[in-house]
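Chemist: So the protein sequences, as listed, match chains A and B. Sequential numbering of the first sequence, starting at 3, is according to the working numbering. Sequential numbering of the second sequence, starting at -1, is according to the working numbering.
Because the hints were derived from the structure by calculation, they are not lab data. All of these numbers come straight from a predicted model, not from anything done at the bench. Beta carbons are placed, not taken as given, at the ideal position from N, Cα and C, and that holds for glycine. Take these hints with a grain of salt, some might be off.
What the hints assert, rightly or not - Pair ranges (Cβ atoms, derived):
1) B:N138 - A:H140: 45 to 55 Å
2) A:H140 - B:I135: 50 to 60 Å
3) B:L49 - A:E69: 45 to 55 Å
4) A:R236 - B:S176: 51 to 61 Å
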Amino acid sequence: MKLGLKRRKLIGSILFHLALVVITVLVIYPFVIMVSGAFKPDMEMNRYPLRVIPHAPTLEHFQTLFENIPFWRQFGNSTFVSVTCALVAMLTNGLVAYGFSRFQFKGKKVLFSLVLATMLIPGQVYMVPQFKMYQTFHFFGTYIPLIIPSAIGAMGIFLVHQIMSQVPKELYESATIDGCNEFRIFLQIAVPLSAAGIGMQGVLTFMGSWNDFMTPLIYLNQEPTYTLPLGLMRLQNFYKISYGAPLAGALLSCIPVVVILTLVGQKYFVNGMTAGAIKG
Amino acid sequence: MAQRKVLPYLFISPFFILYGIFGLYPLISGMVMSLQKKEAFVGFSNYQKVLTDGRFWKAIGNAALYTCGSVFIILPVALGAALMLNSAFMGKKKGFMSTVFFIPNVTSVIVAGIVFQYILKANGGILNEILLSLGIIQKNIRFLNDPNWAVVSIVIMGTWRYFGVNSLYFLSGLQSISPDLGEAARIDGANAWQEFWRIKFPLLKPIMIYVVFTAITGSFSIFGEVYTLVGAGSTGARDSMLYPVIYLYNTMFRDNKMNEAATMGYVLAVLLLVITSIQRFIMRDKDEN
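Just chain B, with the same shape it has in the complex (with noise of 0.2 Å):
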């Protein structure tokens, strides 16, 4: 009987264990590497440091852009490209063009910044070339290199990694909305447009919830997208391709500055955490109130 009681807690193990050591315990030893410098106790002067330091609010601002891209342009995407796969015209082509859409976002990271690279250069890049031979454009755009078009190129070859993913967890919600709501709406008299904004969109805001925070994590979070887009160690134009992660990693590996890289993470995962709140904090059920 003691063995019965001790079972389950031996099943659970292996994660507290591990956790325990691979994620908690960095978790505490951060915490006193931002408190140090070279071993000795320095205080709070590396959040000092770190929280003064332009070239960091500089990322956090770039980072800040793009999470508005994500937001107001990857998801709204995301979200028309899930009621083209719920509507009644997609019919026996859903199961195949959702996994079309989804593709991207099974990609590897490098070879969407070696293919997007190509596209977006300045000098015979496709989408150049594409824009000069419509004649939407006289002169090239350098997507890469212009500070103004930095944060476009991102959210361009965000768009195109993203989309699917986020089209798919609204997929999950839009079916879980009875028809027959949409029905009775009809029967009132109301058009498409209404039935969207009025029924289906509120019932949406679960999912909304969810999409719009992994936007949120994941936009501070970009890494790699950036990395293999500009090439290594390059910071763009101005800083305009500097983005936490990256001036994390830089300040780790480049600068060999741990103790401010310890820092930097800890400023930025306190800054998702109220950014996060606030958004759940708007985004929360008004009625329940």
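If we strip away everything but chain A, and leave its shape as in the complex, we get (with noise of 0.2 Å):
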């Protein structure tokens, strides 16, 4: 009886790493397509497609990538626009979620109510009267309309106020006591405490404008102060027949995703996104 549960167990485990190691192929695969075709030879990619290791490895789709495109700069002009739009949404979350969970006043359930209310607001319709709107400010060609949205995300705020909630009450009161003034006490108190909410919103954000495609689509007209899947669009659209190029630039442009993800840490990093859910 005892062995025939040990032996269930181990077939059990078995089956289990199997299927583990089956999906886990699965989801890495596309990434292995990626780093290899982005070393192999024209030749060699259409003749053995399905060769992971290439036979001659070579550099010129990073050459072609960066002939063609001004790789660098829209690399720049991505990591400008992300780390602003992280700094954008840190500071307005972290102002808006400390003024929900620090004071009781007037309105305030119906207020938050509403900040709510916002995310259940399908996208679509902003998308033509906000581009008329930003063309009559002359923010059409700036990065000015890929940087609001971050600051007025619910989500983001909700996630903070959530972790800013927990800061004790007795903080802010002993500090009110002695002498400071709300702001020295958002920074000084409020934000170090719920620092790891706020950086777990910066970090989203960073990545989520990383990845932006639609925004930029729509706002930026000019190859230099494009982003970098805007370049990388424009080039897999040049090269209908070679994909060695957009495969290098787009190996290139999964660097900083993988070092934040190296960074923060995985468990961090997961927990935090799932920090919504349960009452979202």
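With the hints as a guide, bring the two chains together.
Modeler: See below:
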């Protein structure tokens, strides 16, 4: 009986790990193709599409990439926009969440519900009128339309609010008695104590902005101002036959995401990701 | 003291000021635009035009089909992955594996588009090569150009991109279920299957409502995936790759019909609100009533 149970457990474990390997391979495979394709000569790519490690690895695709689009310029543009978005999101989410979690005031419940209600409005409805508005403001072709949305993300406010609400009220009170003004309390107590949540929001905003495709597509019209996804799309449209250069660009554009995932740590990141789901 | 009364509003004002300008104002001006043509009031004629436009409904149909794929294929895969992550066999690999599942979601859509084009293309595409060499098919499948395969291609890419993040949502739900419940059921003679359907599945409902909601709204908003997969401007053979936001985008920028596009935005938003309300009604807690 005992042995039978042990054996069943072993079989279960083997089946489980087999399934896990299969899923992992399926998830990773597109990335393998990307890395492999970035270094594979065109000829091999057409003749042996399934071969992972190229016979004669080459850097020609990177050369093509740098010759045909201002890659590093666009990399820089993407970095600038994404970092700005992250900072803006952290600042506004922090301030608004602080206002809602620290104070009792008239209309608080209604106003907070209003913030959350904006999440229910499908984004498509804003597309055209927002475009027209940015055009009238002469913001078309600038990064402003790319940055504004990160300031009014209700999800971020909600998440930071959840975390800031856990800061003990006594801390605020003793700081007030010590004569700190509210802005200093915000900066020196609320922000450090909810740094994990605010930081997470910054990281998520950075990634969302780094990968955003539609907003830049609508608002940027000159190649030197393009963000990376747009630059890569143009490259892909130019080279319908060869995938090498786009894959090389794709590979390089993944670097910041990989660095962040490694730096921020998987557990921390994954937990931050799911924190909003429970109440959402 | 008066200052203390104003202070809270000061802190929350950034959201309301910015949303007022960049959210609420477009919401209203969009409504106005949808009732106009070249600045002149035309009543509901734009709505009539959109609602009788066959291509618009084709786009809605495609989105509905993809939504079914999301809800009935991507989400079950995600739930399966979450059960695996939560399983005792997973042990210390849990954090690492959830990151692996999650990576496709934080990969740029253009990266996914380029790679999946290479995987799915008809001539020398990797999936075709694999299926051919395994003898499953005799002739290349034109995944991206055959209208019958178009939605399948999008679901394949969508599964890769979105199962991971959804499995994390499910995982957070599974983790909040006390293991005692399962143990009690086991003692009462329930097998693993019954334990899942009778205990875990019902308890996952709050998460399920949220996840299905995002799956519906996400599927109807799909843009970048299709745009990069079939190439800029293409809507596929017989409009099989025509999705609502793509149609809206084309109407706005290619045909320069701003008022019609604004109308489309409104129709889509209302349609989505109706669909998600129905979803929440169906999935509501029936015991409470």
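Chemist: Are the hints correct? Go through all of them and say.
Modeler: Against the structure, the hints:
no., hint, verdict
1, B:N138 - A:H140: 45 to 55 Å, "holds, 50 Å"
2, A:H140 - B:I135: 50 to 60 Å, "holds, 54 Å"
3, B:L49 - A:E69: 45 to 55 Å, "holds, 49 Å"
4, A:R236 - B:S176: 51 to 61 Å, "holds, 53 Å"
Every hint from the earlier list agrees with this structure, and none is contradicted.
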